[in-house]
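Chemist: Whole structure, please, built from the sequences with the hints as guidance.
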Amino acid sequence: MNTACAIGVEALIRWQHPDKGFMSPGIFIPIAEKTGLIHSLTYWVINEALNQAKLWREQGIELLMSINLSVYNLQDERLVEHLGETLKTHGIPPSNLVLEITESSLMTNPELARTTLNQLHSMGVKLSIDDFGTGHSSLAYLKDLPIDELKIDQSFISNISTDEKQALIVQSTISLAHSLGLTTTAEGLETEDGWRHLQNLGCNLGQGYLISKPLASDDLVHWLTESDEARKALQLQESP
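Anchor point for the sequence shown: position 86 equals 86 in full-length UniProt numbering, and the numbering is continuous, going up by one each time.
Check the hints yourself; a few may be wrong.
Pairs of lysine to aspartate or glutamate residues, derived as EDC-like cross-links and limited to a Cα-Cα distance of at most 20 Å, are as follows [what the hints assert, rightly or not]:
hint : residue 1 : residue 2
1    : Lys54     : Asp218
2    : Lys143    : Glu100
3    : Lys143    : Asp131
4    : Lys88     : Glu58
5    : Lys88     : Glu48
6    : Lys143    : Glu111
7    : Lys213    : Glu10
8    : Lys54     : Glu10
9    : Lys213    : Asp193
10   : Lys34     : Asp76
11   : Lys213    : Glu192
12   : Lys143    : Glu103
No lab work stands behind these hints, which were simulated from the structure alone.
Modeler: Here it is in structure tokens:
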């Protein structure tokens, strides 16, 4: 947050239904989970996201790519192998990929989740706890997992510059996370006051509408090249 550089993006899935129009993930993801289609859907998202990362790299744009996993993905015995093959196919370094998992996903089957996360970590993939603070896990539990990042839920960020109790919770979370060697990211940033407050608390990264609304891939490239705050994210290849 101190540099205001764009370092990564999060792949968000949206469905423009031919009859029903725009459908949010909150509608169709639970259906995909219930019917077992969540695995093929996740594989499709992984392939699309890594293919886009490949295209950006060819343009000299190097960004971390974050993808959300469902609780059911952590129970998929094929996930690790499939992910490794897809990374290899698109030529993306594993360290450029961040997989986001919610606290509830971890607590559904802790031992299986731990096994899967250890395998993913061994590949070199980064692992992030999404929406931290909304589930039932604790930093004491997370210290035994190969986690790289905590994303603090936007419910703790929205009024951080005016709500003293909220600010204390976030401050404690950031301090404990850093003591465990974890990067901290504030979700749902919408105000400059919130940005400055989180800077003062030592938060590493920020995400939200203050920075940018969700963008299509072509629009993102334009934003990166035209925005002073984002321009440093470009690592342009030197001409031969």
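Chemist: Under the criterion that the straight-line Cα-Cα distance not exceed 20 Å, is the pair Lys143, Glu111 satisfied?
Modeler: Measuring from Cα to Cα gives roughly 14 Å; hence the hint holds.
Chemist: Check the hint pairing Lys213 with Asp193 against an upper bound of 20 Å on the C-alpha distance.
Modeler: holds (18 Å)
Chemist: Take the C-alpha atoms of Lys143 and Glu103, compute the straight-line distance between them, and say whether it is at most 20 Å.
Modeler: Measuring from Cα to Cα gives roughly 13 Å; hence the hint holds.
Chemist: Quickly compare the C-alpha distance for Lys143 and Glu100 to 20 Å and report which way the hint goes.
Modeler: Holds: Lys143 and Glu100 sit about 16 Å apart, inside 20 Å.
Chemist: Has the given pair, Lys54 with Glu10, been kept, meaning a C-alpha gap of at most 20 Å?
Modeler: Judged against 20 Å, a Cα distance of about 15 Å means the pair holds.
Chemist: Measure nothing beyond the straight line between the CA atoms of Lys88 and Glu58; if it is 20 Å or shorter, mark the hint as holding.
Modeler: With Cα atoms ~16 Å apart, Lys88 and Glu58 stay inside 20 Å; holds.
Chemist: Do the alpha carbons of Lys34 and Asp76 lie within 20 Å of each other, as the hint requires?
Modeler: Holds. Lys34 to Asp76 sits at ~14 Å (cutoff 20 Å).
Chemist: Checking one constraint from the list: CA of Lys88 to CA of Glu48, max 20 Å. Satisfied?
Modeler: With a Cα-Cα distance of about 14 Å, the restraint between Lys88 and Glu48 holds, given a limit of 20 Å.
Chemist: Within a Cα-Cα threshold of 20 Å, do Lys54 and Asp218 meet the stated pairing?
Modeler: Distance of about 14 Å is within 20 Å: holds.
Chemist: Does Glu10 sit within 20 Å of Lys213, going by the straight-line distance between their CA atoms?
Modeler: holds (12 Å)
Chemist: Check whether the Cα positions of Lys143 and Asp131 lie no farther apart than 20 Å.
Modeler: It holds: about 17 Å lies between the C-alpha atoms, which stays within 20 Å.
Chemist: For the pair supplied as a hint, Lys213 and Glu192, confirm whether the alpha-carbon distance does not exceed 20 Å.
Modeler: Roughly 15 Å between the alpha carbons, so the hint for Lys213 and Glu192 holds.
Comparing the model with each numbered hint stated earlier shows that all of them hold.
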